[in-house]
Amino acid sequence: MMAEIFFRKHVLVCVVLLCICGLALGTATFSVQAASESGRISLEEIPGNGNCLECHDQPDWEWKLANGDKLLLSIEGEAFNQSVHKDMQCIECHIGYEDFPAPHNKITATNKRQYMVSYHDTCQKCHQEQFNLISGNVHDELYISGNLNTPLCADCHQPHTQAHMSELEKPQENGHVSWESQICVDCHQSEFDNYKESVHGKGLLAGDNTDMPDCVDCHNVHDINDPTQSLFRMNSVDTCAKCHSNTDVMEKYGLETNVLDTYLVFHDTTVTLIEEYNPDSLTNKPTCFDCHGIHEVGSFNPPPIEANISAMTLYPEVNVKQAGPPVENVGFTGVMIGILIGSIGAFTLNQLIKEKRENES
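Each residue of the sequence shown is one higher than the one before, starting from 4 at the first, in the working numbering.
Keep in mind the hints are simulated off the structure, nothing from the lab. Ideal Cβ placement from N, Cα and C applies to all residues, glycine included. Among the hints, a few may not be true.
Said to hold, decoys possible - Simulated restraints, written as ranges between beta carbons of each label pair: (1) GLN131 / ASP251: 35 to 43 Å; (2) ASP251 / ILE340: 30 to 38 Å; (3) GLY139 / SER77: 46 to 54 Å.
Unchecked claim - Here are the simulated BS3-like pairs of lysine-lysine, each with C-alpha atoms no more than 25 Å apart in a straight line: (4) LYS67 / LYS115; (5) LYS115 / LYS73; (6) LYS255 / LYS199.
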């Protein structure tokens with residue numbers, strides 16, 4: 004009888020232990036599923052980064068994909084532990100690879116680009132604000148249209164080594180092109196080659212002049228508009244004005260800020276009307292870079308500007324001086340102003356004398 008009771012107790016204990024194990028397993032499974040739906044959660048029941056790095060922290064480890072591409076699986080543990088993502092668990096981004104020990108054998112992408120594209124929406128879980136800015140930009144439009152070679156998050160931000168944004172050097176600190184603009188060069192080499200030879204590029208790259216703009220100063224970072232569209236061209240005046248209407252900056256180089264005013268008085272009147280009533284129409288009125296160039300902006304001296312104007316207008320002999328001399332320095336204008344003021348003064352004096360005589364009589 005005692006033996007039977009003892010046996011039943013042990014069976015009951017075993018059943019309870021099995022239930023606890025089953026509950027723990029179910030909770031871990033639910034945690035993994037929840038990770039795929041809601042982003043960051045506690046992942047204590049599954050292998051940590053240390054488990055992953057036991058295999059992945061080895062150099063030159065590659066996986067051959069169906070098309071022959073070699074996907075690098077190596078992650079330098081020390082670099083990752085210094086990155087902005089160091090406190091995240093690997094499987095928060097690599098959903099579905101939580102089984103341990105490896106191998107996982109779950110890579111379904113047939114080429115490297117397809118593999119990267121498969122993670123495109125992963126960053127959105129933590130970076131919704133940046134995704135909102137990206138939505139509708141020139142790169143996003145290309146991606147939506149089916150161009151998988153357009154830049155995605157990981158093309159600019161290496162997820163395993165990305166430093167915190169506050170730790171990255173700014174052009175104001177290093178006197179060189181910002182790290183964001185250096186990334187642009189990977190796809191836009193020809194534009195950067197032109198920029199290097201421009202007055203802006205030479206000032207920044209050769210002269211360490213931090214007043215000079217680089218890529219992101221004109222094109223922004225995430226909300227990059229299509230430069231081939233009319234709205235970008237019309238808004239380019241405001242882009243240039245950020246620096247060229249700044250008196251403190253322009254005085255250093257002997258440039259006048261009234262160039263913006265002289266432009267606004269004439270050409271911008273038409274540009275503004277078109278932008279307001281028909282923003283999709285391409286204005287035939289010149290904007291800043293029609294005369295001064297885009298990436299190859301040169302000196303404000305007339306020859307390069309004359310060349311640009313001659314290429315786009317029927318009136319190549321137009322006055323192309325940067326802002327034109329002030330009216331007080333123009334001989335004819337000065338004489339005419341003097342005559343006008345003198346005439347008005349003489350007329351006024353004559354009227355005063357006439358009124359005085361009438362009053363005396």
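Structure versus earlier hints, numbers of those that do not hold, lowest first | 3
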